[in-house]
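Trainee: Sequences and hints are given; from them, build the entire structure.
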Amino acid sequence: MSTQTRPREDLKKKKRQEVVNDFSIQVATVNGSGSQSSNNVLMRAIFRMGVPISGKNLFPSNIAGLPTWFTIRASKEGHAGRKKDIDVLIAMNPGTAREDVESLEAGRVVIYDEKLNLSKIRDDLIYYPIPFSELAGEVVKDVRLRKLIANIVYVGSAAELFGIEMTEVEAVIANWFKNKKKAIDLNVQAAHLGAKYVAENLTKSDPFRIQRMEKTQGKIIIDGNSACALGSMFAGVTVLTWYPITPASSLAETLADYLGRYRMDPETGKATFAVVQAEDELAALGMAIGAGWAGARSMTSTSGPGISLMAEFVGLAYFTETPVVIFDVQRIGPSTGLPTRTSQGDTVSLYYLSHGDTKHVVLFPATMKECFDFSIDAFDLAERVQQPIFVASDLDLGMNNWMADPFDYPEKPLDRGKVLTAEDLERVGTFARYKDVDGDGIPYRTLPGTDHPLAAHFTRGSGHDEESRYSERPEDYTNLMDRLAKKHETARTLVPEPIVRYTKGAEIGIITYGSTDVAMEECQEQLRQEHGIEIHYFRIRALPFTDHLKDFVSRCQKVYVVEQNRDGQMGDLIFLEVKDELGKIRKVLHYDGLPIDARSITDQIMAYERG
Amino acid sequence: MATSTPKPKKVNRLGLALSEYRGRPSTLCAGCGHDAVSSQIMKAFYEMGINPHQVAKMSGIGCSSKTPAYFLGASHGFNGVHGRMPSLATGALLGNRDLICVGLSGDGDTASIGLGQFCHLLRRNVPMIYIIENNGVYGLTKGQFSATSDLGSQLKSGVINDLPPIDCCALAIEMGCSYVARSFAGDPKQLVALLQGALSHSGTALLDVISPCVTFNNHESSTKGYKWAKEHEELLHNIDFIPYFEPIETVEYAEGEMQEIEMHDGSHIRLRKVDQDYDPMSRSGAERLLSKTRESGEFLTGLIYVNPVARNFFDLLDFSESPLATLPQEKVRPGPKVLEETMQELM
Ligand SMILES: Cc1ncc(C[n+]2csc(CCOP(=O)(O)OP(=O)(O)O)c2C)c(N)n1
Ligand code: SF4
Ligand SMILES: [Mg+2]
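Line by line, the protein sequences are chains Z and X. The opening residue of the first sequence carries number 1 in the working numbering; numbering runs sequentially from there. The opening residue of the second sequence carries number 1 in the working numbering; numbering runs sequentially from there.
These are calculated hints, taken from the structure and not from any lab test. Wrong hints could be hidden among the right ones.
[What the hints assert, rightly or not] Computed from the model, here is a short list of chain X residues facing chain Z with C-beta under 7 Å: (1) A74; (2) F78; (3) R84; (4) L88; (5) G95; (6) L99; (7) N307; (8) S320; (9) L324; (10) K331; (11) V332; (12) P334; (13) V338; (14) M343; (15) M347.
A virtual CB, placed ideally from N, CA and C, is assigned to each residue, including glycine.
Mentor: Listed below in structure tokens is the structure:
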């Protein structure tokens, strides 16, 4: 998309004008070189200066040796989406250094290992060469250790250059390495050497600066997988069955850690949970469904390839009306796709997963708070409507670092849904597993093990009547399917409502969902400031749609649906919902595997607007 | 529960009649081996005095997998998807470890589409009974070969199977299964004793039961038909089962003529020697036996291997003694302090 009106500050000309708390730092390293802790120290030190940050790890599908980029964005406005341009490059990877330098805009900063000799490549950048490995060598002799320590040297150098207080760097190091005194001392020493070298040998000639502010007090930094894990623990999950896959593994692993710490019964010393790493995703979901059938709060977490494998079992859970929660931390498909790149490409698959007439409930968290809250909601919903509930996250939400307010303790008690106990059966006197007693399409269930002559029923994935007997009678089948459709309508009233913001005078509407939302505030600002355009905003938080959607579309003259896949999958679902107003809808798409950024959205919308 | 006064003959120790262990009327072909197995399941659960509400019947897809509808009608059942009963059963037991779980499967369901899940269930030693109703054919899809069809066996249509069979018992031993038996639907006495033994076992109990398909694999040349099985069955031993709640009468046997095995729940299995020395508590002996029968084509039935003290999956997970499914909110939702602590760590 071409952009004529994009304002481009030429930083060289404005040398003297400072850019405070609004720039991005990219650290280019090699996968497996141990840069994770130093990147974290740098990010958290800025955060402790009160400056809002976000941290994105662009990593290869590889264990060691391939290039990795970690990008920290400091934004006084709190913009957490990806920023397209990099302002400061810390070039530690000889393999990509040239390309990394070439891709910078003029006037940007390169901090690099002296040996790489990068300043010859271009003359319109600001260069700070630093002998990282020599400095590291002053702290440790061991070659392998020296590599690790070199990482923390650049943290110190960056701190000195941009005004990040060393006391904060030290505090983060102490936190990160907890009680390992020796590691703390080594790292602190190395950071100081990095800072000292800059102070004594370099003259600052760039405009970027971090200045203390008050915007991060009481905030946390967390990734979406951890937030979902915490939500699941507070939802009272008891059975977690899963199979490793990027980018979903850390959800299950973090949850297993938390459960081990906080869910041992103090009276018996026994776990109040079971975690099983299954042999594949079929078994993972099969176990979760079996557990859900037995009455446990059960879940699995996976990504695209696992979702494909789970299709048959999802249909079983749907048709037998068995609660289960499935987290899909999406990555790029089809097939293996790119395991370490983000996407919203499973939207339609999730909604209709499995053969026959099926449609499911899918929740789309967009923030860390929602990752936590929706995880809890998902378990309540699964048991309330007795069907699989998907939580659709993605790699950007799931594995990157986000600033957030601490989560609120859930107020609502667990909703265990319509389960009849032996006492209930005694009182009611009748039971038919699939009878719509309440008119909401949701039947009652009994759990195996219930000691009452009325309790037993035979759950089956084959056609069944209200009593769960096998039936091929046409009316039994249509009654069942119609009731399931009715249940779907009930679910519509139970899922999280959309976030809707109408703006006075706006004519254009924008619809997003999930991680696409993080770029929207900034995009809205760009549209307003650069083009004088106001918008109405609608963020979908679940499928099926609530009634608000039609209303929104009818109040806008034009609606842009922004999402991160090639085909505009949510756009297609919206087409089906607002058939009369199809002409209003435009798709704005981003699908290169990098998290969506505001600039790309603004540019695409403006291209449409100009016609 | 055992009482000293003899009970009236027609009820078990819970006061339930055999008829109370029935299910819905079978819709299988008349004479199908699977119905004979169902009868022995009812009998074994009746004899053991198991409360039907404690039972979970699990199955995959196939004629064999339909049978849970035809026994123990007072128990919950779950007829899932083809080849995936092991995972459903594992999950159900994770949710409620008090359930007495019996899984029904076919040779296609287990040895073809479900081979992976079958192996992993055995590896984990999930405490349940796993019955393969093995007819060497896909019954429900009308007579295709399965992975247990014998080499050279012939379909009615004349098609010959040219792939070697998977021996589910040998595989089970390889996978670490702690109770492995082979039986025959036409040998009710042995089958019921093996089922009772399975019910008193604390890990996975695998029963590979030759269960003829009268419609597709019971012809003259069939190696899994009634005629063939009756003519070829060789007993590894005669089996008596003495449940823990009944007094053991001491019987005199000559040295080496009888082996008595104490099961996990205190029941006893007595194996009376037929004509060979065989110790089912030896894993390597079991492996030798099965490799010998694979070569000779013998059809040996009985208790092939048992380890009554093997650690099961629950021991390994070391989780709550009361069912996870019904733990109250106080046990499963940590308090606000825990949330506060985790938030502090992230600041
Ligand atoms: C995924 C899937 N593929 C194929 C089928 C069709 N199918 C139903 S039963 C069956 C074979 C059953 O054979 P077996 O397990 O030996 O049971 P039997 O009928 O012989 O007792 C097949 C292939 C299915 N139900 N699901
Ligand atoms: S087709 Fe074979 S296996 Fe199926 S019911 Fe008939 S006899 Fe039994
Ligand atoms: Mg079969």
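Trainee: For each hint, tell me whether it holds in the structure or not.
Mentor: Hints and how they fare:
1. Taking 7 Å as the C-beta contact cut-off toward chain Z, the hint placing A74/X at the interface holds, the least distance being around 5 Å.
2. With a least beta-carbon distance of about 5 Å to chain Z, the hint placing F78/X at the interface is held under the 7 Å criterion.
3. The interface hint given for R84/X holds, since its Cβ lies 5 Å from the closest Cβ of chain Z, which is under the 7 Å cut-off.
4. Taking 7 Å as the C-beta cut-off, the interface hint given for L88/X holds, the closest approach to chain Z being about 4 Å.
5. Annotation: G95/X was flagged as interfacial toward chain Z, and the flag holds, the nearest CB pair being 3 Å apart, inside 7 Å.
6. Nearest Cβ of chain Z to the Cβ of L99/X: about 6 Å, under the 7 Å cut. The hint holds.
7. Interface restraint check: N307/X against chain Z, minimum CB-CB distance 22 Å, threshold 7 Å, status violated.
8. Interface restraint check: S320/X against chain Z, minimum CB-CB distance 5 Å, threshold 7 Å, status holds.
9. For L324/X, the suggested interface contact is upheld, since its CB lies about 4 Å from the closest CB of chain Z, less than 7 Å.
10. Because the closest C-beta pair between K331/X and chain Z is about 5 Å apart, less than 7 Å, the hint holds.
11. Hint on V332/X holds. Least Cβ distance to chain Z is approximately 3 Å, under the 7 Å limit.
12. Among the interface hints, the one on P334/X holds; its C-beta lies about 5 Å from the nearest C-beta in chain Z, closer than the 7 Å criterion.
13. A hinted interface residue such as V338/X counts as satisfied when its beta carbon comes closer than 7 Å to some beta carbon of chain Z; here the least separation is about 5 Å, so the hint holds.
14. With 7 Å as the threshold, the beta carbon of M343/X comes within range of chain Z, its nearest partner Cβ sitting at about 4 Å, so the hint holds.
15. Checking M347/X against chain Z: minimum C-beta separation of about 5 Å stays under 7 Å; hint holds.
Going down the numbered hints, you'll see the structure goes against just number 7.
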